[in-house]
Amino acid sequence: MTIWENYAPDSITPGSNSRPDFVGWSGIAPITFFIEHAIGVKADAPNNTIEWVIQSEDRVGIEDFWFGENTVDMICGKADKKGRREVRVTGKDRPFDLVIRYGDKLVEKKILRGKQVRMVI
Numbered sequence: 022m023t024i025w026e027n028y029a030p031d032s033i034t035p036g037s038n039s040r041p042d043f044v045g046w047s048g049i050a051p052i053t054f055f056i057e058h059a060i061g062v063k064a065d066a067p068n069n070t071i072e073w074v075i076q077s078e079d080r081v082g083i084e085d086f087w088f089g090e091n092t093v094d095m096i097c098g099k100a101d102k103k104g105r106r107e108v109r110v111t112g113k114d115r116p117f118d119l120v121i122r123y124g125d126k127l128v129e130k131k132i133l134r135g136k137q138v139r140m141v142i
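Residues in the sequence shown are numbered consecutively from 22, following the working numbering.
Just so you know, these hints were derived from the structure itself, not from any lab.
Honestly, I wouldn't trust all of these hints.
Keeping only pairs whose Cα atoms sit at most 30 Å apart, straight-line, the calculated DSSO-like set for lysine-lysine is [what the hints assert, rightly or not]: (1) LYS103 x LYS136; (2) LYS99 x LYS136; (3) LYS130 x LYS102; (4) LYS130 x LYS99; (5) LYS103 x LYS131; (6) LYS113 x LYS99; (7) LYS63 x LYS130; (8) LYS103 x LYS130; (9) LYS126 x LYS102; (10) LYS136 x LYS113; (11) LYS63 x LYS126; (12) LYS99 x LYS63; (13) LYS113 x LYS63; (14) LYS126 x LYS103; (15) LYS113 x LYS131; (16) LYS63 x LYS102; (17) LYS99 x LYS131.
Using the sequences and the hints given, assemble the complete structure.
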């Protein structure tokens, strides 16, 4: 996907794109909206915490999510017939605190560096 970011200042025509398949500053708002509202991930880097509100009944998550000094993978599998979900979370660079909300469930976990946590919610 390419989002035009370089516009001709003296005409109503696109300028030249920075490079193919590039999304820069123009993509910040829609990407942030998608991460926070569709996936449900809100990172608080100063407090080293992620809150994940899972709303979709389908598989949902994010890989290589960077916040603060950490990169995180978080995947929630599709709900089974009883509504249970398998969640896998890995903090690649340093420990962080994770809060998961799913329906009326609340899970708080310390995620350690380099360790994958698997849980059923």
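- Contradicted hints - numbers only: none
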